[in-house]
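Engineer: Single-letter residue listing:
Number of protein chains: 2
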Amino acid sequence: MIGGGILAPAGFRGAATRVGMRIADGDDLALIVADGPATAAATFTTSRFRAAPVDISAATVATGAAVRGIVVNAGCANCGTGSGGVDDARRMVAAAARRVGCPESEMLVASTGLIGSRLDIAGIEAGLAGIHPERGARVAESVARAIMTTDTRPKQAAARVTLPSGAALTVGGTAKGSGMIHPQMATMLAFLTTDAAIDAVGLQALLRDVVERTFNQVTVDGDGSTNDSVMLLAAGLVTLDGPDDRAAFAAALEAVARSLAQQIAADGEGATRRIDVTVTGAEDNRAARRAARTVAGSQLVKAAVHGADPNWGRIAAAIGRAEVAIDPWSLRIWIGDELTFAGDPVAFDEEAASRVLRGATVLLRVDLGVGDASGEAWGCDLSAEYVVINSEYST
Amino acid sequence: MIGGGILAPAGFRGAATRVGMRIADGDDLALIVADGPATAAATFTTSRFRAAPVDISAATVATGAAVRGIVVNAGCANCGTGSGGVDDARRMVAAAARRVGCPESEMLVASTGLIGSRLDIAGIEAGLAGIHPERGARVAESVARAIMTTDTRPKQAAARVTLPSGAALTVGGTAKGSGMIHPQMATMLAFLTTDAAIDAVGLQALLRDVVERTFNQVTVDGDGSTNDSVMLLAAGLVTLDGPDDRAAFAAALEAVARSLAQQIAADGEGATRRIDVTVTGAEDNRAARRAARTVAGSQLVKAAVHGADPNWGRIAAAIGRAEVAIDPWSLRIWIGDELTFAGDPVAFDEEAASRVLRGATVLLRVDLGVGDASGEAWGCDLSAEYVVINSEYST
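These protein sequences, in sequence, are chains Z and C.
Residue 0 is where the first sequence starts when you use numbering that gives the first Met the number 0, and the numbers rise one by one after that.
Residue 0 is where the second sequence starts when you use numbering that gives the first Met the number 0, and the numbers rise one by one after that.
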């Protein structure tokens, strides 16, 4: 991992400014710009009640054409806003495209925040007219901060690899997401950049695969959202020479996405610790990931972790309802390194297990006993603070 | 609705005693006995990690043979207890059968409480040897209390109907369940009795149908459980004369089951109010019920209700991820009688909506705009108290 976040790869600039849609201080509008036409890939929420910007960006990416930038705001999701909201999103795209000097068809848009309120579109237009995209780590962090909602800290990651063919390739990214976070893309926005040269179809396949193993394995509260988007722009500066280079690029992309996913989990609303769940012995990888997500998303497991209570029965119960094949008689459950169940309950050091649960990152491991596949998921504990935050959000 | 709970119908007696497996004071072992051979039906958890008593009772009910009673304990789920737990459950069945004077194959068994701990089987055997099943409302309430875990109050219901053919028919029931409550039968036990005469196949079909619309529509925390069971015994005293009588019986059974389901929702762990969700305009009843469950189970909706925050966007987001057909442009959302969204946001009286959310029972209604089917679900708000309860349960 290196510094520089979303602007670590060559070929990108960024800018952020304050419109005032987010109540908290600081910037709430960001623009990410590629110096030239970039290949784009994206994955979006599976919600059937999705926001206007999602509809617009999904249509743009589906054409497979090159893209010049992404405009993002925080504080207002522009969702449930009817035809007026669609008009607002189009005006936001147009204003950003004017600023960049590209057609509207080359600008992606994303929004995050409260559902049902309208954008301050005049403010956005004024904001976009006045900003000047620049390079550098300081700017990347200002972009990372501008997309935050209830996040307590910005989320950035970047990786540089030397390809087997010899060239240096860079991937950068930033993400936001703290509540309404669940598998299949939650109220989570993630933006990724790379200097790699790759066609749109190949980039989309790669992104879909990486998102499946990373962002889709984060769960904070089981509430999938209306606005979730992961967007990836590739500047086309570094040639990928054959399958080995492609594999090295894929690994760097996954490392950045995984880091951002873990940062989202750790910063879940009200979270005091991150929960990393590893499932082994599954029938296939999909089942392993599903089981891991179910454990990471279980309210009772989350509450037990919060209370540092080594209550492995709740992990077993979550596995039981995950709708994946298990062998209850050879199921094994670990809290950290403590084996707590192996078909029968196992005598274990409860104090040691409780210490594991008090750590900043809690490792839970389950072997389903039916195969060789494995998977991971990331979540966080459930604190009374979560309830306080979410009882008072819109009022 | 009448009084008398599970002993309201003729033909049944009950008893309760204390073994000491539940930390809280009071009885924690109950026996429900039919005076003669009763027809039995039951539905069980869909968990793949299910408790020993569930395996045993499911096998007994599957034979279709007559049953004489049900033995239940609280404080220990007898789940995740390996082969020793299976032996314990069999000894519990044997002890209850000895007390009643019936073959072991005519006794059902259920347990609820902590996963992974072993039954105090010697205590249970001693307890069963010393109890004397009796009739009456006082006894029915002692049974209802003996099966409680984190429940704050006993749950009972009974209904008496005059059948079209002229006879009086009675249905009674009791249930427990407070946490680990979710659709598809959660940590919930429900026991139902009736004096109706009906064959086992017909009774099972009827029960399955009623459970689908009642107990399976309750959600407290999304955590389905290992021990959930609904058991129904029919004493065979009141003849059902044709389809009209059958329909009247079905209606009485559903009324009792629905009341118990609502009582479970209202007594969710940490709950301060019940949430009733009605979904209309759905493609089919199954989709309507699924959508209603998703809203009732949404952590963010539950937290918003707790904070009396009329944040209809969270209801829309829950509907969006429910994986049912919707028309976002004609979707309508009501909080009580306040229409808050109808394709576009609607100006509404936020103070009136907030008052609805502060009531003991909160009505949320959604019309999906794609069909004529409807469904209901019941849940409760999410309070900081829920987290406190569940951080400290086993330790």
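For the record, the hints were derived by calculation from the structure and aren't laboratory data.
We put the CB at the ideal spot given by N, CA and C, even for glycine.
Take these hints with a grain of salt, some might be off.
[Claimed, not checked] Examples of chain Z residues lying across from chain C (beta carbon under 7 Å, computed):
| # | residue |
| --- | --- |
| 1 | G2 |
| 2 | G79 |
| 3 | V85 |
| 4 | N284 |
| 5 | G306 |
| 6 | L338 |
| 7 | A341 |
| 8 | G342 |
| 9 | V355 |
| 10 | L381 |
| 11 | A383 |
Engineer: It remains to establish, for every hint, whether it holds in the given structure.
Structural biologist: Tested hints:
1. Annotation: interface hint on Z/G2 violated; nearest CB of chain C at approximately 34 Å, more than 7 Å.
2. A hinted interface residue such as Z/G79 counts as satisfied when its beta carbon comes closer than 7 Å to some beta carbon of chain C; here the least separation is about 5 Å, so the hint holds.
3. Against a cut-off of 7 Å between C-beta atoms, the interface hint on Z/V85 is violated, since the closest Cβ of chain C lies about 11 Å away.
4. Look at Z/N284: its Cβ only gets to about 19 Å from chain C, farther than 7 Å, so that hint breaks.
5. Because the beta carbon of Z/G306 sits about 3 Å from the nearest beta carbon in chain C, less than 7 Å, this interface hint is met.
6. Taking 7 Å as the C-beta cut-off, the interface hint given for Z/L338 is violated, the closest approach to chain C being about 13 Å.
7. The criterion of a C-beta within 7 Å of any C-beta in chain C is not met by Z/A341, whose closest approach is roughly 9 Å, and the hint is violated.
8. Nearest Cβ of chain C to the Cβ of Z/G342: about 6 Å, under the 7 Å cut. The hint holds.
9. For Z/V355, the interface hint is violated, the least distance from its beta-carbon to any beta-carbon of chain C being 14 Å, above 7 Å.
10. For Z/L381, the interface hint holds, since its Cβ comes within 7 Å of a Cβ in chain C; the closest pair sits about 6 Å apart.
11. A cut of 7 Å between beta carbons decides the hint on Z/A383: the least distance to chain C is about 4 Å, and the hint holds.
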